[in-house]
Structures are given as structure tokens and as C-alpha cells.
Amino acid sequence: MRKTGTRLLAVLAAVSMTVSLLPVNAVTAAQTDKAQSVQEVTTAQTGGKVQSVQAADSLKKASKAPVTFSEASGTYKDAFSLKLQGADTDTAIYYTTDGSDPSDPDNTARIAYADSGISITDRKNDENVLSAIDPILFDAVNVKGSSDQKSFVSTISAPDKSKVDKCTVIKAAAQHEDGTYSDVVTNTYFVGDMAEHIDGISESCKAAGKDLAVMSISMDADDLFDSAKGIYVKGDTFDKALKEYLDGGGKVDWDASDLCRKLDANYKQKGRGWERSTHIDYFESNGTDTKCQLQQDCGIRIQGNYSRSDYQKSFRLYARQDYGPKNFKYAFWDNAKDDEGNVIDKYKKIVLRNGGNCAFTTKCSDSYWQSLLEDLNCDNQSARPCVVYLNGEYWGVYVLQDDFCGAYMENKHGVNKDNVVVYKGDAEAIQPLGYKLDEGELPEGVKDEDYYFKDLESFMSTHSSLENQSDYDEFAAMVDEDSMIDYFATEVWINNKWDWPGKNWSMWKTTAKDDTNPYADGKWRFMVYDVEFGGISGSGDASENTIRNSKLLKTGTADEKSVNYDKPHVRSFALMMTNKNFRDKFIARLESFTNGMFEKNRATTRLDQFKGMYQPILDQFFERFNTFNGMTADKAINGESWNTYGSLQAIREFLNGRSNQIPKIVKYVRNYYGDPADVSTSPKPTNDPSTVPTPAPSAAPSQVPAQQTASPVSTQNPSDISSNAQAGESKETLKDGTVVIRTTDAKGKVTETKYQTKAGIYRLSKDNSLCYLAKNNAFLKNKTSVTIKDTEKINGKTLKITAVEKGTFKGLGKLKKVMIGKNVTTIGDDAFSGCKNLKKIVIKSTQLKKVGKNAIKGIAKGAQITCPKAKKKAYKKLFTAKAGFVKKTMKLK
78 MRKTGTRLLA VLAAVSMTVS LLPVNAVTAA QTDKAQSVQE VTTAQTGGKV
128 QSVQAADSLK KASKAPVTFS EASGTYKDAF SLKLQGADTD TAIYYTTDGS
178 DPSDPDNTAR IAYADSGISI TDRKNDENVL SAIDPILFDA VNVKGSSDQK
228 SFVSTISAPD KSKVDKCTVI KAAAQHEDGT YSDVVTNTYF VGDMAEHIDG
278 ISESCKAAGK DLAVMSISMD ADDLFDSAKG IYVKGDTFDK ALKEYLDGGG
328 KVDWDASDLC RKLDANYKQK GRGWERSTHI DYFESNGTDT KCQLQQDCGI
378 RIQGNYSRSD YQKSFRLYAR QDYGPKNFKY AFWDNAKDDE GNVIDKYKKI
428 VLRNGGNCAF TTKCSDSYWQ SLLEDLNCDN QSARPCVVYL NGEYWGVYVL
478 QDDFCGAYME NKHGVNKDNV VVYKGDAEAI QPLGYKLDEG ELPEGVKDED
528 YYFKDLESFM STHSSLENQS DYDEFAAMVD EDSMIDYFAT EVWINNKWDW
578 PGKNWSMWKT TAKDDTNPYA DGKWRFMVYD VEFGGISGSG DASENTIRNS
628 KLLKTGTADE KSVNYDKPHV RSFALMMTNK NFRDKFIARL ESFTNGMFEK
678 NRATTRLDQF KGMYQPILDQ FFERFNTFNG MTADKAINGE SWNTYGSLQA
728 IREFLNGRSN QIPKIVKYVR NYYGDPADVS TSPKPTNDPS TVPTPAPSAA
778 PSQVPAQQTA SPVSTQNPSD ISSNAQAGES KETLKDGTVV IRTTDAKGKV
828 TETKYQTKAG IYRLSKDNSL CYLAKNNAFL KNKTSVTIKD TEKINGKTLK
878 ITAVEKGTFK GLGKLKKVMI GKNVTTIGDD AFSGCKNLKK IVIKSTQLKK
928 VGKNAIKGIA KGAQITCPKA KKKAYKKLFT AKAGFVKKTM KLK
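Under this note's numbering, the first residue of the sequence shown carries the number 78, and numbering increases by one thereafter.
To be clear, the hints were calculated from the coordinates, so they are not data collected in a lab.
Small disclaimer: the values here were computed from a predicted structure and weren't measured.
For every residue, glycine included, the Cβ atom is placed at its ideal position computed from N, Cα and C.
Hints may contain errors.
What the hints assert, rightly or not - Listed next, the in silico DSSO-like pairs over lysine-lysine satisfying Cα-Cα at most 27 Å (straight line):
| # | residue 1 | residue 2 |
| --- | --- | --- |
| 1 | LYS414 | LYS494 |
| 2 | LYS328 | LYS317 |
| 3 | LYS574 | LYS590 |
| 4 | LYS948 | LYS406 |
| 5 | LYS425 | LYS414 |
| 6 | LYS964 | LYS891 |
| 7 | LYS712 | LYS741 |
| 8 | LYS317 | LYS283 |
| 9 | LYS240 | LYS283 |
| 10 | LYS934 | LYS946 |
Unchecked claim - The following label-pair restraints were derived from C-beta to C-beta distances:
| # | residue 1 | residue 2 | range |
| --- | --- | --- | --- |
| 11 | ARG625 | GLN346 | 36 to 42 Å |
| 12 | ASN914 | ASN545 | 25 to 31 Å |
| 13 | ASN454 | GLU829 | 27 to 33 Å |
| 14 | ASP330 | GLY286 | 47 to 53 Å |
| 15 | GLY418 | GLU273 | 35 to 41 Å |
| 16 | THR861 | LYS930 | 22 to 28 Å |
| 17 | ASN914 | ALA855 | 40 to 46 Å |
| 18 | LYS893 | GLY418 | 36 to 42 Å |
My request is simple: use the sequences and hints to build the entire structure.
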């Protein structure tokens, strides 16, 4: 394999750019790579050439003054001249146009700046540079064996220059009198509307209800394509692996793609040693209005597993102080919120995913399924489409996603990131485990990769059943029950297969406990990711029994005949399924999804939206990344009459039939354990008048769907419940096991509705929120710890718990700790009065407005009430002597 020299590429890039020295206007804006907060400014320029200009809101100066640019990153209506200026008039300035470092004196691609300026023009007719590299150097998919059976030949060619849109990237640095250089400053320029660069952007944004993300990545091309150190190529690693294969008697057959993908390569290498430095300019645009939101130096690696060998590869970006700011401080996704409901605007890592197994079909199948997930007790990823430019050349459509790591858990759940450990299924990483410790460190002197699973493994090795409730409780103290239920119910409903459950699974926990944070309890929890195989085969997938096919039950006894018997997540689930109460909860949750998250009308409306978001921008992608099978945007989204595999149409066909299969899966589970037949019927289709359909999704899939306003129970007229209705109570058991208690007057009109779930009894308020009732008192008398949940799922609908009724916990002498959910606004009179041993009240809510008279009167001396830091001052006005608060013996913190 030949080497790819960046300096040669840099010279080609410099030649292909039109660089002229012209007079320009005075300096109007300046930016440095370390600036993060960016806002739009107006800059006047002769002839009104500037269409939209962005400037840094706050600038971090280098130890030596950096170069300032006359115009900031953005889109410009016409060509213009750019001026660079140093701190002193005699300061020498160097710049590059190929992504390389202008402060490197050995860089032959750097250009000495003259005062005349740099011409920034539309580069659409410029020759390709990175895009001109032979795909055989980095693509392992579109290949065949050579005639001598000793090497590989590409079945595709590099794209023509007309297929590769371009922008201009200028990097500049000042050399000072003492020979040192300033920080490198980088800006990206598009000449013409963004709609002239990205085909279909306006239509995509209209469907999404928001701007399209656009990211310009610039870096030394050697760090990508050099055979020794390049992270994007097969490189020397591949050459060595191929030689060993041939020396062992192997041959490269004509159908060679699978072999090519399996051979080791540079792009398969992982860890900090294969991270390179880069710079990003991040824009958001609707086609006519473009704003540069973030500029930052950071680290970059190749992301993924099998897809690392694809023609277009995924990237993971790392914010580190080694490069610049230690976080990416921007709210990339408005549906990514912490447990207090605040939009997350700080990230340690972000991912540009090529679409994984759908990289050259829809790209968005994974993010489509994840966009439907809501109110789960397991984590999932936020996502949005993003068009990437690499050193000024169009590099295609990606999916911009957040990344699971300790910092994510800290930002999302408020746990200490240093106490987080994360395991991920990675069959290629560590054998024979098939998974790896992806986040966190092993204790000093420990070498066992599965160290943190030892307690689980020890328990599972001595228990083949959890029918005994005390055994179940012991195991449930190690694995979060609700998180497991939601995770497996999601994977089963969408029929995620093949890679899952053997791969693409993740579990996390904290290694240290914090009683004030329910997520820092040391229990294992689950995360949903890479679910693009869900419904991928269309109607055929709809009828599959995922639990049986994936062998999710037999593995509870470590059945070595099962391919996944040794995976801790599968073993844990199978073991917990031996407990009847857990099975009932799992089945109820699985059934609730049919008329909840995955309700057909809701899911297909969202599918139409994703079609509108991705199809308009995929034609340009498939022209740039033309593969051997001639894929087009229409085929990727709509499939073909004879084959819809991998398309959004396949998912539509899956949705048409999946709800009919769920009752059969439930029946299979019941029969497997010898349970009596379900007393509830299977979920009714959403056009049945006795159910309430879930509303269609909001305009943007990245937005959290609006809170349900319809009652989650039957919508039949209350007067139809009985033809001879009389005053009193009636009870109805819903499919999820919830008991609905309706109080009616003499005319049969319902005057009050209550729900009894396994977590408690609630009253339904007029605004469709729930009040935790005093009737729970009798059930709580022996409890030492109680959690008032954030929400309850009733018949597949999520309702907020906003109030604690008067006297609910009154006189409970054994109660020691109470956790109050994040949606509670009212605590009634005498709610906790007389709870003499109640020493800890943890309030998650930031919305608390009322604490009733004597609400905490008579609780334990030395009691602590913990609340969100930002609300401490406000809550001091609620927890007063009137509420029973005693300053001398109680503490609000």
C-alpha cells in the first residue's frame, strides 16, 4: 500500500485555491480557536457583500496575541477579500488552506501573508484533494480480489470534482519577534447561500422544524491518510495483517469484502494513542440564514466497530484542555435534558455517526427509533442530521449524537463522573468476554476486565431462580428493576436483532453511593443505542418472537447452548424473569408500548417526518459516495417494489404488523413459565373508541412530545358504564394491571377518578396530573423508605405526580427516608407529621410551591431536608415554623 503524503496534498490544495492579494476594508471581527460563545453581528461591507457574519462574544487571548480576521466564519453572498492582522504591524503572519498547521516552520504548504489580502471565492469548480484519494486506501466494502489473489481492487472510483461541494478553511498564526507563534486561528467561509452548497437543506429544515447542523472539520491530512499514523486509512497495520494472512496460505478471492473488513487496519485502532487534534466550526442553517454557534480545537478518533471499514467513517470528538476548552459548551439537542428538566448545554464527547449498519441506506433508522422513546428508566441518545465538511470538502451526511460516558451521567443524572463505570458489548474487543469496560478505571492491581460484574456473577452462579422473594430482593439491590424492564421491553418491541443482544448493549453504575441521589445507589442501569436493526426487514420482522429468537430466557441458568449465555445483561434479565412479579411488570410494560411510544399513528407520523428530514439531503450524499449497488435517496428511504430491506418503508411495514405479534410474545412467555393465561386482553388498535390514541409527534423529533392531555383510561361516556348507574364506586382493571376506581353520583356521572398501581393510589386531577393519596398510609406503615415517583404510566400514558395529599404519611413511626419526585408542586397539611424517625427528606422537584400546615411537625430531631441548590433560598420560605420546621434541630440544605 502506498503512503499518502500530506505535504503533497497541501501543495495541491494551495494550487487549487484561488489566492489573490487585494486591498480590503479594516478589521471588523476577531476570533480564536479557544472562543466558544458566538453570536451574530452585523458587519457593513462595500456593496453589501456580507450575507451573514458571526463574531466571537468572548475571546480568550493566547499568551502571544493571535491573528485577527476581518471577517468571521459564516456564509457570504459574494466573493470577498479577507484581511489578517497581527498584534504589531511588522508581525509575520502565515496561513494555510489545506487544514495543516501554519505555525509549523517545516510546513511547505503554509503561505506568508501579505497585506494585500486573501480572495475568498466560491470553490465549486476547484479540484478535489482529500476526495481524490483512491478509496482502496480506506474502504474495505467496495472491493474485490485481484487476479493474482494477493491483494484487493476497488470496485468504485473517487468522485468527480463536480460531486464534491467545497468551502474555504483559513488557518493563521502570527510569528513574533522572539520566534514564537501565537495560537492558530481558524475560520470557515461559504460563498453563497448554504442552500447553494447543501442540496435539499430548506426542505429538510422544514420537515424537522429546526435548522440543519453543519460542521467544518479541519486538521492535518497526514493525521487522517498517512499510512503510518493516519486514522482514516487501512495503513501499515493492514499491510502487516494482509502479509501474515498470505504467508499463512490464505488467498484473496474475488468476493473479498468480508475478508477485507476483518483484517486489522489503522482505522480499527482505539485509545488515546489513535486520537488526533482537530478544529471544528459548528454552524446551524436553514439554507438562507446561517449562524456559527461554536468554534473549538478538540480531539478526534474513528468511531464504531464494523462500520470503521466503511467508505464513509464515523468520528468521535473529544473536548480536552490539552486542545482548548474542556467541554463543548453548546445545547446541540433541545430534547437532551437532565433529571431536573434543564436542557443540557455541556458535553465532553460528541459523535458524528455514519449511520452504522444503515450508513448507506437511511442513515437515520437508529435515531428514528430513539426519537420515539420517552419517559424511560434507561438512557438513550439524542440525535440530529449533520452535514460535514472535511478540510473544506463535502464529506456527507452524518447523525450528530451525544455519547454515553461519565460526564454524560454527571450532566444527566447529577452523579460524580469519577465514580461511574460503563460496560459495552464489543465482541471484537476482548475475548472471551465479548464486552469491555468502556468508562472508568479498574482498581490498582486489578486486571480482570469484568471486575465490577463479580458480585452479579457470583450471585448468578449460585441462583438459577428468583421465585423466592428474598432472593429477588437481594438481586434487585444490584440491578435496577425499572431500568431493566424498560430496556428489554424496548429492544423486544422493535425486534432489535443480529447485533443485539450479543453486541450493542451497555450497563452503567456508580462505584460509590450517595443517599441524596437515586442514581448513585450502586445499581446497574441500562442504555439504549445502535438499534437500527429494529424492523429492518419489514413485515417479516413484525411477526418475529424476539424473546425466543434471541434466547432471552434460557440463559438465566447459564445455558451454554445459548450464544449469549455469558452476557451479564442477558443473564440478569433471564434470572429476573423467573420471578412472577417481575414477569407481570415486564409484560405490562411491553404491552403498554403498543398504545404508547410505538402507537402506530404516532410512529408513522414520526416516520414521515424523518423521511422529510433525510431524503432531500441524501441525493447529494449518494452522488458523492457512489457505491457499487447504485444506491439513491429514493431507494434508501422508500425501498424498491421487490425489496424494502433497510429502508424507512421497511420500518413502516414492520409497524403495520408488530402490534399483532406482541400478544403472541406475551403468550409465549406465559407458557414458558407455566403461568395462567393473561386476564387482560391484548392492546386494542388505536382506532378502537375505547382507547385514547397517542397524539402525533411535535414538529421536531428532537423536541419532547407534548404532555398528554387526554385521560389515559377509557373515553367511553361515564353514563354508559351501567345502564342503571347509581351513586357509588366502580372498578376496572386495565391491561397494565392498574385498577381504575371511579366515584359516580346518583346520575352516574363520574365525580372522581383514582388509580391504584403497584406504587400507590392516586387521584386524577383536572389537569391530568396525579395526587399521591392519604389512602396509601395503610400500605406504608411498615416502610422505612418511600419514593414518590416523578411519573406513573397508566395504560401506556405518562402522568406527572404533582401533589402529596394531606396526612399521607402521618404517624408512620418506622419511616426514615422519603424521596419526593421532580414534578411535585404541593405537599399537603400534616403530610409527614408525627413521623418521629423520619431523618431524611430528599426533594428532587424544582417546582415546589406549597408546603402545608404542620407538614413536617414532629419528625426526627436532626432531620435533613435536601433540595436542589438553586431552590434553597426559595424553599426556606416554604419550610417555616408553620410547616413544622424547627431551625434548631432541622436543616435545609
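Evaluation of the provided hints:
no.	hint	result
1	LYS414 to LYS494	holds (17 Å)
2	LYS328 to LYS317	holds (15 Å)
3	LYS574 to LYS590	violated (35 Å)
4	LYS948 to LYS406	holds (24 Å)
5	LYS425 to LYS414	holds (15 Å)
6	LYS964 to LYS891	holds (23 Å)
7	LYS712 to LYS741	violated (33 Å)
8	LYS317 to LYS283	violated (49 Å)
9	LYS240 to LYS283	holds (25 Å)
10	LYS934 to LYS946	holds (23 Å)
11	ARG625 to GLN346: 36 to 42 Å	holds (38 Å)
12	ASN914 to ASN545: 25 to 31 Å	holds (29 Å)
13	ASN454 to GLU829: 27 to 33 Å	holds (29 Å)
14	ASP330 to GLY286: 47 to 53 Å	holds (49 Å)
15	GLY418 to GLU273: 35 to 41 Å	holds (39 Å)
16	THR861 to LYS930: 22 to 28 Å	holds (26 Å)
17	ASN914 to ALA855: 40 to 46 Å	violated (18 Å)
18	LYS893 to GLY418: 36 to 42 Å	violated (28 Å)
Violated hints, in rising order: 3, 7, 8, 17, 18; the structure is consistent with all others.
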